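Residue numbers (the numbering used here), protein chains in the order written: chain A, 1 to 288; chain B, 1 to 288; chain C, 1 to 288; chain D, 1 to 288; chain E, 1 to 288; chain F, 1 to 288.
Derived by calculation from the structure, the hints in this document are not laboratory data. Relax, there's no trap hidden among the hints.
As the list makes no split between identical chains, a pair holds if one copy fits it or if it spans any two.
Here are the simulated DMTMM-like pairs of lysine to aspartate or glutamate, each with C-alpha atoms no more than 20 angstroms apart in a straight line:
(1) Lys169 - Glu81
(2) Lys7 - Glu226
(3) Lys7 - Glu250
(4) Lys169 - Glu15
Because the structure is a prediction, the values reported are computed rather than measured.
Protein chains: 6
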Amino acid sequence: MYYTDGKLQYPVRVENPDPRFARYLQQAIGGVEGEIRVSMQYFFQGWATSDPKHRDMLLSTATEEIAHIEMLSTAVALNLEGAPTSLQDEAVKEDPAMAAILGGMSAKQYLSSGLHAMPVDSDGVPFDMSHIYASGNIAADMYANATAESTGRVLATRLYNMTDDPGMKDMLSFLIARDTMHQQQWLAVIEELGGYEGVLPIPNSFPQDEENQEFNYVYVDTRIGEDIQPLDGRFTSGASLDGRGEFSHEFAVPEGDVPQVPPPAPDTFPQESQLEGADGDPAATPST
Amino acid sequence: MYYTDGKLQYPVRVENPDPRFARYLQQAIGGVEGEIRVSMQYFFQGWATSDPKHRDMLLSTATEEIAHIEMLSTAVALNLEGAPTSLQDEAVKEDPAMAAILGGMSAKQYLSSGLHAMPVDSDGVPFDMSHIYASGNIAADMYANATAESTGRVLATRLYNMTDDPGMKDMLSFLIARDTMHQQQWLAVIEELGGYEGVLPIPNSFPQDEENQEFNYVYVDTRIGEDIQPLDGRFTSGASLDGRGEFSHEFAVPEGDVPQVPPPAPDTFPQESQLEGADGDPAATPST
Amino acid sequence: MYYTDGKLQYPVRVENPDPRFARYLQQAIGGVEGEIRVSMQYFFQGWATSDPKHRDMLLSTATEEIAHIEMLSTAVALNLEGAPTSLQDEAVKEDPAMAAILGGMSAKQYLSSGLHAMPVDSDGVPFDMSHIYASGNIAADMYANATAESTGRVLATRLYNMTDDPGMKDMLSFLIARDTMHQQQWLAVIEELGGYEGVLPIPNSFPQDEENQEFNYVYVDTRIGEDIQPLDGRFTSGASLDGRGEFSHEFAVPEGDVPQVPPPAPDTFPQESQLEGADGDPAATPST
Amino acid sequence: MYYTDGKLQYPVRVENPDPRFARYLQQAIGGVEGEIRVSMQYFFQGWATSDPKHRDMLLSTATEEIAHIEMLSTAVALNLEGAPTSLQDEAVKEDPAMAAILGGMSAKQYLSSGLHAMPVDSDGVPFDMSHIYASGNIAADMYANATAESTGRVLATRLYNMTDDPGMKDMLSFLIARDTMHQQQWLAVIEELGGYEGVLPIPNSFPQDEENQEFNYVYVDTRIGEDIQPLDGRFTSGASLDGRGEFSHEFAVPEGDVPQVPPPAPDTFPQESQLEGADGDPAATPST
Amino acid sequence: MYYTDGKLQYPVRVENPDPRFARYLQQAIGGVEGEIRVSMQYFFQGWATSDPKHRDMLLSTATEEIAHIEMLSTAVALNLEGAPTSLQDEAVKEDPAMAAILGGMSAKQYLSSGLHAMPVDSDGVPFDMSHIYASGNIAADMYANATAESTGRVLATRLYNMTDDPGMKDMLSFLIARDTMHQQQWLAVIEELGGYEGVLPIPNSFPQDEENQEFNYVYVDTRIGEDIQPLDGRFTSGASLDGRGEFSHEFAVPEGDVPQVPPPAPDTFPQESQLEGADGDPAATPST
Amino acid sequence: MYYTDGKLQYPVRVENPDPRFARYLQQAIGGVEGEIRVSMQYFFQGWATSDPKHRDMLLSTATEEIAHIEMLSTAVALNLEGAPTSLQDEAVKEDPAMAAILGGMSAKQYLSSGLHAMPVDSDGVPFDMSHIYASGNIAADMYANATAESTGRVLATRLYNMTDDPGMKDMLSFLIARDTMHQQQWLAVIEELGGYEGVLPIPNSFPQDEENQEFNYVYVDTRIGEDIQPLDGRFTSGASLDGRGEFSHEFAVPEGDVPQVPPPAPDTFPQESQLEGADGDPAATPST
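Chain A extracted, bound-state conformation:
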């Protein structure tokens, strides 16, 4: 069961409302790097987890993330206070700077929500739940979560850069700190599970001898050209990160041939020429 005390996790204040910043903040609410995504991702991972410790960890943080959406939604409303809503305002008509502000605002934040936050990104694109990754494999999920917090913190620092409102900088400073911790948190689980050697390859419960043994530790280089040199990196020679193989490098060579897909089936109603095939149909003459 879930509960609320109605209070903000951290204070939100805006000294100089800027309706353009209200639009940019939307990315942190409904963008693919935003807080709806992490909240829902941790919830669905948690609800799928039978292990009590991991379940608690996931649901506890998922619940915290709701408070982050709330903070950002509050910030949007505060930045929209007093925003221009008419092309005919004297200010808008006479002051190009005001016209630019109106042009930079989100149209939907006025038209659809009456100067409040929406579950959309900074371009007004609604968040789509296909971004909730919950694979049932804890290592894959932890990397998905570390990724979400990494792109999330990158986004938050960019928002921090866009404003110099002291209230907004303070709020973002808090959210950036939480992203720092959450990156750590999910990667710490990887460590608890044994680090690279413990978790790779993901999933490690698949019998690795059933995967192709020639191509599992080789960097396949598809580059061509007279002066191409093999790529040289941590992943082209030496022991693999999981300690189970040796990296190598190879320029791509096709192992297969030109694929023979079936000719069109009559009951799919292709053109007649497709049914006639090579016999008599010039289109079917091989070109090579």
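Since the structure of chain A is provided, determine the placement of chains B, C, D, E and F on it from the hints.
Chains B, C, D, E and F only, in chain A's frame:
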């Protein structure tokens, strides 16, 4: 510039076509864990990269991934060979097993593409390019890529489990191996960049002293209840993974108060009762 | 701030797991009539509300709805316990009923989430946040909420009809009851605001004398035909529901003329024939 | 069968074209509150209706709504007449106000449609037909329709506020009036069906004694805190709106326990540590 | 203005309802090849057209297409008559054929719409209005329309193949005939505009001497390999279709060099290693 | 197998970066008329093709199109060089022209990708793979491709019009030329297949005598009104384009009657009034 020799990276053959498996394979083509996603993700990351080595690495692998989509598309077509396409086939009407096969097929693989692959997932949902993560921050991108290859390999092992067709198992064995390597490849870049201490917190070019210093290494626990014990894990005590802080644990306490969002603006046309506010409107009487 | 005690709002048990029912339950999680929708809708409405009572009411119920998603996600996992995951299981190959069950399962519930719930509907279509209606007008929002709970309860009764598992019927009996209450709850706010006369037309803060006075209480009937009779209903005669007008009926007559949209602008690069227009271009000769 | 006379339902004229207003008008065409939505919603409801009167009412109004999309599309084209289409226009380069206008225009209205309307919202997001609610239950559908017309009229009044072009104000005055009528129309059907007592709970054909009798008229309050007082409203005490129950208030208490979701199935390929479970795996030690 | 007489354009009857066919028919309603698409496409093209003849032609056919959606929606409802709606029906439990039928039904056609049609495709994916092509260029639009009618007729023939219900075959025979005509209709406009020589290249109002003159009639062949022969077709030699050029063939050669995208900007917060660039950062050492 | 030499197909340079143009260019990357669309469309068509010549032609051009996405992505990055990223830049605060530029930029190009290209359109809407048309019928596909290249070239000419940067004009001049060729290329295949007489009606493998013979060459005119004259065009009289019929014109007359959709099924839980039907329920009284 890009080129093709028309051949498959690895042979694709199907001994016993199964139109249901043709549907499941779609998840590896157009699912969020699929090959379109990784191909496009690496292309967009590569095209945004000025560093030659990383650019080469990304574009080279992106190009390889096109060959994987091609393999899977070929496999779909081969599995659909001879599939039933009529509710009135004698086989379908008289044999419940055939009826079940028809029911388990993708409708669109017949109706829209004439028994071929489509850029959709196993439920026919089209792939949507918002899943292409290319943040401009290489560490965030590498974790995004490791995640994609982790969920991709989990998916491939599940597909491997669903079939016992020798051709399909061989093809998947190859794709699983490539996912093993690609997980390694992107995490090896993290190692090249210094591992946890070198890359965390992401982005590490943001001056860390501008983030809130009280909340950047503390696990905030939102659980309540009489018998709740603090969570205890790698992330609740000891040095942080990046070596820049000390983990701690804390039960959630609101730092803020009930937020004071602005009252409805008249030019947003709320109800009159909303404009009247607390004066005389019983709805506006605080309930706490 | 938000909190959790880790417990279910109401017990969830499944006596006879049915993976097909696991798919149908998805509609109540990620369908447009589902629980993610109501939870997020009430949150966004609440976060936009300055009035304390309405804010509390919305956020309190939004928080309850998270517990409903949790219940349904638990039910999905329990229904998927022991589900077939291979086309090659002996049971699937030999028993058409098992084959039908496999065909009726969600592919993604295995391939993407490892036999757990996802934020998608019963066809695997991800929930899309454009369905979160939060207009800033409380009457519009209350009708949106009553609608959500009405379609939600219709859905829940259909799910109740599909199963005879005692655990599932018990859980759905609870969710149906909550929908009953929530329909009442939002419509009760309409009553508090004065009912039809108090809230209509929505928004009632727009000066009604600025709307066209000829067409605001007339039913416009676009039906044609020799034997067409005027529609006759509560909305075609008598006092309007808001007491501000008198209903009438009228067969549709165009008030305007054929619209004169501008000819194609040269800088939009239409065909040359479009630029030539009526002069010499036979295509431009009016046909009437 | 459907027919057209080629004329506008109501005149559309624009005295001072404003390409920014052309963008805002898109919300009324392809926004979730827009005219495509209501037209298609009423069509699909009507085509699903066997009752002649309700069918006629729905299809007649659906047909009218096509004329509204036509009016708005005409208005968009007229507002885009003469719009700047080059970053290099002298006017744009030298006049910041013109630059602001260009910045505030829809990019796609030029790039994709050549200065005409599109079936997208004011942010260029295409309309998505999942917003067409047609449940098969007439009361649910009538509330959905009243909601659509309420958010539609809120939107139209905001658009009216944004402009002072006499032609646009006249057109919007007409559309606002039609929304007034359509709100009445759908709610009048609720009245014909007996009002709250006649239609609630929706669906009223489900045997109400099969819903949980303890939770169907109680407001569940999830708020916590030392000074929390029970919410007090029309929905917390007194007879329910449908006359079938008595409202009450209750603070949330979990009826269930920590859910026992099944442990990961081996054939879903979780991590090995997940398969080992509590035996020896520290991750599986309960934390509470 | 638009009108309806309430009657079907062509009779719709179903002798043997099949709920699986009800699902397949959805592709012709809400699929990308379906009737919503053509109706809306012709409407938006028509509303953007100032030429009276083309406007009349487009709006007249758009209006006809509404009648086609109506026919298909009626057919869906008739095919769903008596469909099983419970996993516990005796018929479903005991008869694998019935179980297969239930598995092959659309879940949403019961759960969301109560056994009626929806604006979704055969996999339940909602139609999305980005498929409405209305470019403002009549030749581009006519090819878009001919394409829509071509994929539409392919789809209709496949549906015809799937059933042997006499009523459904009769209805589809009519829709297939209309698609035949509509293909002709839009291509006839191309003929009226002068055929290939009259319309190509589209748009023909762009001054063709401003396009690159070396690459506008050459087939660029990106194939590589020892035994590759140049492709040989109507498009590799001889006069171009528009009579303005001569076709030729060329194997792809890069005209450009490795692109020099800008190094990461500090205010985008890349990793520090990205800011250091080639100086001292091994990652920045060119690999070629 | 696919390969890359790392070089641009054609040089890309920007003399005067304009972040607004960076946004507009997105339409050519991720818009429905853009290069991702054509690349993926030709790949999926090619992978479904068994005829060697057509397969080679499709895959060869698909591969070329990747190079076009690369060119455009490079152009986006170059146009974003030095773009303002803060509302607080002195330039932005003091210069309305700079403020307008910031307002006209894509928010996501900074917030999500760090001043690089994304697979989205000019409004930030992600590309969605449902736009990949690959029907299995070559004539339908060729028209789909000609359409894509037509709308693509219209788009490219509009982008050409928006800028006067010499580098951008040169790049677009190349892309416009390629679109010219690709329009020819796909229409040349239609010619190879026999032109209108050879390919129409599509699909021509469906036995045409099974389509309704009364409605396959008649223009159905749904216009009504006292002064309506029959449309007169190439498609209303004379031989049909395929030489198999004679065009005619007819004003629309319903062939069917009011459809009799089934009454609501009790197990769909409509309202009780819907179940009662005409007996005693005034709502069920026919209105005509």
